[in-house]
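Trainee: Below are the chains, spelled out letter by letter.
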Amino acid sequence: MRNRSVRWLVLALTLLSLILTACGTQPAAQPTAAPAAEPTTAPAAPAEEFTFGMVLVGPINDGGWNQAHYEGAQYVVEKVPGVKFIYIDKVNPADRPNVKVEQAIEELIGQGAKLIITNSAEFADGTNIAAAAHPDVFFIHASGDKVLTGEAPPNVRNLMGRMEYGKMIAGCAAALTTEAGKLAYLGPLIDPETRRLVNSTYLGARYCWETYRGRPASELAFKVTWIGFWFNIPGVTLDPTKVANDFINEGYDVILSGIDTTEGIVEANKATQAGKRVFAVPYDFEGACAQGEAVCLGVPYFNWGPDYKRLVELARAGKWEPAWEWTGPNWSNINDPDTSMIGFVKGPALSAENAAKLDEFIAKLADGSLNLFTGPLFYQDGTVFVPEGQVADDKTIWYTQQLLAGIEGQSAP
Amino acid sequence: MAVTYSLPRMDGMRTDRLKLAASLTRPMLALVAAFALTTLALLSTGVSPLEAYRLVLFGAFSTPVRLSDMIMLAAPLLLCAVGLSITFAGGLYNLGVEGQMIAGAIAAMVPLRLWPDWPPLLLWLLAGLSGAAGGALWALLIGALRQYANVSEIFAGLGMNFLASGLALYMVLGPWRRQTSASLSGTDLLPRDLWLPTIDRLRLAPAAPLIALLALAVVWWALTKTRWGLEVRAVGLNPAAAGRLGVAAARRMAETLAACGALAGIAGMLQVVAVHHALIPNISSGIGLLGLLVALLARADPRWLLPIAVAFASFTVGSIQLPLTLGIDSAIAGVLQGALVLFALVARARVR
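Sequence order for the protein chains is A and B.
Per the numbering used here, residue 423 is the first one in the first sequence, and the count goes up by one each step.
Per the numbering used here, residue 437 is the first one in the second sequence, and the count goes up by one each step.
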């Protein structure tokens with residue numbers, strides 16, 4: 423977790439619409455108060471129940487993005503006494519054609535929610551509309567940036583995890599393992615977020631390919647195919663199951679997932695059972711390896727719980743202020759459930775030898791000796807992303823314009 | 437639907453009353469059967485059917501916001517159902533209504549994106565005309581396929597629906613995509629002053645239901661009070677016979693399709709300027725097909741269109757609360773709507 427004073431400084435700067443200073447690697451974790459909240463000795467103070475609600479774009483049990491958010495909310499309920507959690511999931515035009523985000527939010531507020539979390543970039547406009555209509559309710563738009571751009575009402579905060587690190591680790595694990603030297607990325611839709619995550623994966627993969635495998639970057643194939651949405655919508659998106667099988671048939675032997683659901687690992691597992699050797703790196707949810715233990719190299723995941731707990735307490739205490747937050751891992755232990763927003767669980771398919779190398783890689787990221795967003799870095803069309811000798815700042819990374827040179831796939835629609 | 441049976445009297449009214457009784461018994465039976473089936477589905481999920489019905493039937497009326505959400509859904513629904521009652525009168529099954537709605541929405545976007553600086557009133561008018569023209573054109577293609585290629589309007593309509601969805605997807609991901617991203621969530625929101633005037637707190641754009649009611653009145657009048665309506669109904673009953681009586685049957689059929697398409701197109705326009713304020717891939721949201729159910733249930737009788745459209749819209753809006761309060765899927769509204777139509781059709785078929 424990032425140092426609080428740095429975060430507030432960052433906030434102040436963004437609100438003045440100044441360019442963010444590069445935070446690079448974060449200092450050691452801020453000591454979040456140990457969750458020794460004795461619920462048994464509940465004094466009269468938190469007598470009033472605090473209800474918070476969540477609008478999720480997909481189902482709460484998708485084994486990915488949405489499940490991670492749901493579990494984050496469950497964490498809050500567990501750790502904070504007197505808190506009630508309600509939610510509406512599957513709020514998307516395919517599952518609920520006549521339900522708009524504003525409507526779902528309205529229902530949650532009708533049930534007494536005082537704080538609303540919306541969990542998709544797609545929900546930005548709806549969240550802002552609802553927030554403007556309910557100035558007395560607090561909103562967290564996860565993964566959004568409307569606070570940064572100044573388009574959000576004052577009761578809205580943005581929260582996102584620095585998954586770039588998780589993806590670098592994922593890319594490294596893939597590059598350490600691939601036999602064919604061919605990595606495939608199952609991409610959702612194309613936007614700055616998904617581009618920067620693909621780029622991070624590629625940077626991690628390229629580094630470990632060159633450093634630990636001793637091979638030149640030109641021998642590493644890295645391809646991304648975008649399905650068009652965060653998950654499969656039959657007849658509208660590409661079918662991720664089919665895309666994953668295309669990867670396998672084209673000889674890619676590690677499938678890295680960037681979508682909310684688990685088709686990548688499921689298909690890799692099937693192919694492996696059928697005699698091929700295909701590995702997978704799922705995404706988003708700590709438990710995602712369960713969909714195919716034998717092929718899982720590990721999973722970069724979000725741990726929303728601690729930040730949601732902090733923000734729920736902030737809202738309850740009435741100390742809410744607008745903020746755009748981008749929380750990194752707790753580098754002293756990226757898998758600490760109480761402090762680290764971003765984690766990486768190694769999977770059973772990662773060999774012990776490669777696991778050791780991966781740990782070394784993580785240690786370099788942690789102590790700041792390695793920053794993969796160091797120039798020179800080039801976009802696909804040859805333009806400069808980060809000039810030689812410079813390090814990309816947060817805003818440059820957040821608003822990544824294109825995929826990096828070396829990646830095969832569409833940068834823009 | 438309170439029905440009182442009266443003893444048959446030995447006068448001229450007798451047969452009429454029997455007819456009325458008979459015509460109401462069948463819907464009543466269908467209603468009972470539909471609720472029985474839905475109750476069965478609810479019981480299988482283990483929730484209290486009474487509680488679920490309370491939400492589905494009356495949930496939409498519990499708060500002003502829900503009520504206005506219902507109205508904003510009922511408006512395009514009524515437009516589609518009204519349009520479909522024209523094609524039904526002409527004996528056509530216009531399953532392409534969904535695509536006509538999408539085509540209308542896309543067409544309505546054109547002036548809004550080309551000249552966003554023009555006065556809003558003019559733009560809304562243009563969007564409405566353009567939407568109606570887009571929907572009508574889409575429907576006329578079906579008519580042409582039917583007339584000249586001998587393709588059933590049902591299959592032509594379904595095909596055109598796919599084509600329209602594809603076109604909407606293409607526009608959202610292609611020419612009209614957001615800056616820097618391609619997302620299926622839709623185009624950028626329209627500038628605020630191009631939204632149809634909306635009561636913010638309620639999300640209610642009063643013009644939408646007014647347009648729908650106006651359409652209902654005009655179509656009712658045209659179908660029942662004009663020679664054109666008479667001819668359309670004659671064509672619907674028997675095109676060959678109507679043709680022998682000097683009615684231009686093919687022309688009338690094309691006109692009904694165009695009229696239905698235009699109304700569906702206006703519904704699509706409302707989805708853009710009054711509901712979503714953007715073009716989204718699923719801009720029709722199944723409202724066209726729901727309108728088909730409304731028209732089927734109303735037997736294209738204009739008197740029933742409004743109440744049934746309002747009822748169906750309430751089911752849909754009311755059911756949004758189901759997952760939240762009872763933990764069951766809101767699809768139960770669809771079960772109820774589908775069962776109602778199914779049993780209504782069965783009841784009618786049995787009498788024939």
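Since the hints were derived computationally from the structure, they do not count as laboratory data.
Where is the CB? At the ideal position from N, CA and C, for every residue including glycine.
Among the hints, erroneous ones may be present.
Anything over 12 Å on all C-beta distances counts as not near chain A; from chain B, calculated [stated by the list, open to error]:
(1) L473
(2) L476
(3) Y489
(4) Y529
(5) L573
(6) Y584
(7) F598
(8) R614
(9) L625
(10) D629
(11) R637
(12) V683
(13) I756
(14) L781
What follows is a list of derived Cβ distance ranges for each label pair [as the list claims (entries may be wrong)]:
(15) P759/A x L649/B: 55 to 61 Å
(16) L476/B x E830/A: 51 to 57 Å
(17) P552/B x P557/A: 27 to 33 Å
(18) P798/A x V587/B: 56 to 62 Å
(19) A716/A x A585/B: 51 to 57 Å
(20) Q583/B x K645/A: 31 to 37 Å
(21) P627/B x T796/A: 40 to 46 Å
(22) D624/B x E830/A: 25 to 31 Å
(23) Y584/B x A602/A: 37 to 43 Å
(24) G532/A x T475/B: 22 to 28 Å
(25) K506/A x L476/B: 47 to 53 Å
(26) L558/B x G532/A: 34 to 40 Å
(27) P503/A x P552/B: 48 to 54 Å
Trainee: Against the structure, test the hints numbered earlier, and report the numbers of the ones violated in rising order.
Mentor: The structure conflicts with hints 7, 8, 9, 11, 13, 20, 23 and 25, although it agrees with all the remaining ones.
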